[in-house]
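Undergrad: Generate the whole structure from the sequences, applying the supplied hints.
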Amino acid sequence: MTEIRISGFGGQGVIRMGYIIGKAASIYDNKFATLTQSFGPEARGSSCSAQVVVSEDQVLYPYITIPNILVAMSQEGYSRFESNLSEDGMLLIDEDLVKPNPPRGRIKIYSIPSARISEELGNKIIANIVMFGFFTVITGLITEEAARKAVANSVPQRLMDLNLKAFERGYKYGKEFLAKQEKSVNV
Amino acid sequence: MKANPKNVLTGAHYLDGDHACSEGALAAGCNFVAGYPITPSTEVVERMTERFPTIGGIFIQMEDELASMAAVVGAAWSGAKAMTVTSGPGFSLMMENIGLAAMMEAPCVIINVQRGGPSTGLPTLPGQADMMQVRWGSHGDYEIIALSPNSPQECFEFTIKAFNLSEKYRVPTFVMSDECVGHMTEKVIIPPADQIELEPRRYTTLSPAEYLPFKPEKDLVPQIIKAGDGYKIHITGLTHDEKGYPVMNWQTQEKLVRRLVDKIRLNQDKIVEFEEENTGDAEVILLSYGISSRVAIPAIQKARKEGIKVGVLRLIVVWPFPEKRIYQLAKKIKAFVVPEMNYGQIVLEVERSAKGQAEVYLVPHGGGWVHDPEDIYKAIKEAVR
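Residue numbers (numbering that gives the first Met the number 0), protein chains in the order written: chain A, 0 to 186; chain B, 0 to 384.
Check before you lean on any hint, since a few could be wrong.
The calculated lysine-lysine pairs, modelled on DSS-like cross-linking and capped at a C-alpha distance of 30 Å, are [to be verified]:
(1) Lys269/B x Lys304/B
(2) Lys301/B x Lys333/B
(3) Lys304/B x Lys30/A
(4) Lys148/A x Lys5/B
(5) Lys380/B x Lys308/B
(6) Lys231/B x Lys217/B
(7) Lys214/B x Lys308/B
(8) Lys269/B x Lys301/B
(9) Lys30/A x Lys301/B
Sample of chain B residues at the chain A side, in silico, Cβ under 10 Å [unchecked claim]:
(10) Cys179
(11) Met183
(12) Lys231
(13) His233
(14) Ile234
(15) Ile290
(16) Asp371
(17) Pro372
Since the hints were derived computationally from the structure, they do not count as laboratory data. We treat Cβ as the ideally placed atom computed from N, Cα and C, and that holds for glycine.
TA: Here's what the structure looks like:
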């Protein structure tokens, strides 16, 4: 069972990213995935978060307890939720928007300029999809095929190409990130 | 009768519980919704308003919940498959006209996505504290049917069941969801339309000259007509005879209200539905419903690993209550453990049904979050000590 939290500002597509992760895992990878989200005044403009539990078996307790993966797309999202991340968890951040402290325990940090890449592609609303491409590679939680299908079937038709491009950029960045890491380990 | 393929979104979807209720309603042929949207039930009507224009159906945003429920009763009597959706204070405001629906025997569905109360309480967080209100909330004697889902898949399925039961018994039927289930997104499999069985409306075969709107059939449920078909009828919230005319005496009251109660009580074996697991040799039975029945499973698994014989009785239909089965089981076990997100509602019914034959332990939770499975586990341990 893997518990994931995605945090950021309302409007960054935080909930949508949680939805796409859950859809990829449950509909296209045939696992079980339960998405919950924070509702209330904190979801408007300021920080918001989505929680996904992905499992081989039916998810019984619907909420996350100690997440294994934290995706932080804002500084506030990072500072609010970092302390709850598992000591051997993965922290995925937008490197331009989040300045993390030195990692706690065996936490590994994976960073990507997702907002900057989305701006290069001409639309910053797809930063979440860039991050999702990166997430797919880094976590290995969902298959590439399921991830692509979930993106294609979760965005409006007219924005599909743009979103798939965003996914590719994030995915490629993730591959390069891992290759670089491996290289540094080998040296 | 099978569902109409144009209404059914066959396939695998990633849906939240509220949207799954909408799809269940549409699959069941719902074509009228009146409501006053309120958190956490708003998504149900949002989806209906998106889907109705493409398949046909009317949504009216009413001035309040009193009017919403009244419109549903009117729509049902004009031939619509009608529904309303609410939560928290909205449910309280519907009470008077829920009684009207019961008295007029209007087939209709009410979805209550329960939130923490009382009053405005916790608009964005779950509760299960309307379980007695749904049974007893309107004045006077009547019976209703209520179901309680614990996943988006069940939101879809139970909404269809609710429509079918409301048609069969001509009674307001409730889907008692909660914020956790309503706002939880999971895979929902919607079957092909020809695999969805629908209960047809009990339209009369009699001519206008012979028809009496409140003359019951053998199962105590009368046949219905729809306004505009040439039947001159009178329906009222006042105590009425088989013609539907007000008659103010105890004999008419006895005949009518006893039938309203008995049409559910005497048919309860056909209506009651629950899941039972490992009750054969159980020493303790975990009895629950809705989301609490789901978060209890890790606790049950943990207790079983320690060798405690835990059975499960999960209510699908909460009202009418499966009192006979509970009494049978009570004679064989040590205790029932009843987790629910309130300070003791359905547990009272369990105590009543057990008639002192087994201990009954409540695991209360005030709402705002679901139970910690650990608390349920501790109660199971306590119950077998």
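Undergrad: Look at each hint and say if it fits the structure.
TA: Structure-based check of each hint:
no.: 1; hint: Lys269/B x Lys304/B; result: violated, 36 Å
no.: 2; hint: Lys301/B x Lys333/B; result: holds, 19 Å
no.: 3; hint: Lys304/B x Lys30/A; result: holds, 25 Å
no.: 4; hint: Lys148/A x Lys5/B; result: holds, 25 Å
no.: 5; hint: Lys380/B x Lys308/B; result: holds, 11 Å
no.: 6; hint: Lys231/B x Lys217/B; result: holds, 24 Å
no.: 7; hint: Lys214/B x Lys308/B; result: violated, 50 Å
no.: 8; hint: Lys269/B x Lys301/B; result: violated, 34 Å
no.: 9; hint: Lys30/A x Lys301/B; result: holds, 23 Å
no.: 10; hint: Cys179; result: holds, 6 Å
no.: 11; hint: Met183; result: holds, 5 Å
no.: 12; hint: Lys231; result: violated, 50 Å
no.: 13; hint: His233; result: violated, 46 Å
no.: 14; hint: Ile234; result: violated, 41 Å
no.: 15; hint: Ile290; result: holds, 8 Å
no.: 16; hint: Asp371; result: holds, 9 Å
no.: 17; hint: Pro372; result: holds, 6 Å
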